[in-house]
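Asker: Sequence:
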Amino acid sequence: MHTGKTIYTVSLLTKEVKRLLEASYTNIQVEGEISGLTRPASGHQYFNLKDENAQLRCVFFKNSARLSPVNLANGMHVILSARVSLYEQRGDFQLIVQAAVDAGEGLLRKKFEQLKARLGAEGLF
5 MHTGKTIYTV
15 SLLTKEVKRL
25 LEASYTNIQV
35 EGEISGLTRP
45 ASGHQYFNLK
55 DENAQLRCVF
65 FKNSARLSPV
75 NLANGMHVIL
85 SARVSLYEQR
95 GDFQLIVQAA
105 VDAGEGLLRK
115 KFEQLKARLG
125 AEGLF
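Just so we're aligned, residue 5 is where the sequence shown starts under the numbering used here, counting upward by one.
The hints are simulated quantities; they were obtained by calculation from the structure and are not laboratory data.
For glycine and all other residues, C-beta sits at the position ideal for the given N, C-alpha and C.
The reader is advised that the hints may include incorrect statements.
[To be verified] FRET-style restraints, in silico, Cβ to Cβ:
id, residue 1, residue 2, range
1, Asp55, Thr7, 33 to 41 Å
2, Gly40, Gly95, 15 to 23 Å
3, Arg70, Lys120, 27 to 35 Å
4, Ser15, Arg43, 28 to 36 Å
5, Thr30, Ala58, 16 to 24 Å
[To be verified] Cross-link-like lysine to aspartate or glutamate pairs, in silico, EDC-like; alpha carbons within 16 Å at most:
id, residue 1, residue 2
6, Lys115, Glu56
7, Lys22, Asp96
8, Lys115, Asp55
9, Lys19, Glu92
10, Lys19, Asp106
11, Lys22, Glu92
12, Lys54, Glu92
13, Lys54, Glu35
With the sequences and hints as input, model every part of the structure.
Answerer: This is how it looks when you write it as structure tokens:
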């Protein structure tokens with residue numbers, strides 16, 4: 005049943021959302037903790053940036069990553085310079101990282117290590 009409203013195809017909707025995101029968030033700073041870091045043979049780096057309530061997919065393309073003085077690692081707390089994009093093939097919202105600054109050990113990593121130490125002291129870990 006057609007109500008007279010615009011009917012989008014999946015492709016058209018993802019293109020429109022991508023256009024809006026990329027126009028609105030072109031050069032932003034985002035702070036969080038790295039997890040799920042992978043470095044395939046392509047030289048790109050893929051990871052999640054998270055805090056206690058949310059996470060974002062990130063890609064650090066080879067040409068940008070090789071200029072970075074920071075060697076990313078899981079659990080690292082960073083401030084990223086990035087732009088927002090949408091990977092249309094999967095409909096995934098993501099950050100395209102342009103630069104990274106080490107902001108120290110991540111809060112989630114610290115909490116994990118504290119819990120691990122406490123459970124270890126109790127003989128449970």
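Asker: All the hints need checking, so say for each whether the structure fits it.
Answerer: Each hint tested on the structure:
Under the hint 33 to 41 Å, the C-beta atoms of Asp55 and Thr7, about 40 Å apart, fit the expected range. Restraint check, Gly40 to Gly95: a C-beta distance of roughly 19 Å satisfies the suggested window 15 to 23 Å. Evaluation of the 27 to 35 Å hint for Arg70 and Lys120 yields a pass: the beta carbon distance comes to about 34 Å. Separated by about 31 Å at the C-beta atoms, Ser15 and Arg43 satisfy the suggested range of 28 to 36 Å.
For the pair Thr30 and Ala58, the supplied restraint of 16 to 24 Å holds, since their beta-carbon distance comes to about 21 Å. As the CA atoms of Lys115 and Glu56 are separated by approximately 11 Å, the hinted pair is consistent with the 16 Å bound. Straight-line distance between C-alpha atoms of Lys22 and Asp96 comes to about 10 Å, which keeps the hinted pair within the 16 Å bound. As the CA atoms of Lys115 and Asp55 are separated by approximately 12 Å, the hinted pair is consistent with the 16 Å bound.
Note on Lys19 and Glu92: the hinted pairing holds, with a Cα-Cα distance of about 7 Å set against a maximum of 16 Å. Of the supplied pair hints, the one linking Lys19 and Asp106 is violated, its CA atoms being roughly 33 Å apart against a limit of 16 Å. Proposed proximity of Lys22 and Glu92 is supported: the alpha carbons are some 8 Å apart, at most 16 Å. Straight-line distance between C-alpha atoms of Lys54 and Glu92 comes to about 22 Å, which puts the hinted pair past the 16 Å bound.
Among the hinted pairs, Lys54 with Glu35 is consistent with the structure: their alpha-carbon atoms are about 8 Å apart, no more than 16 Å.
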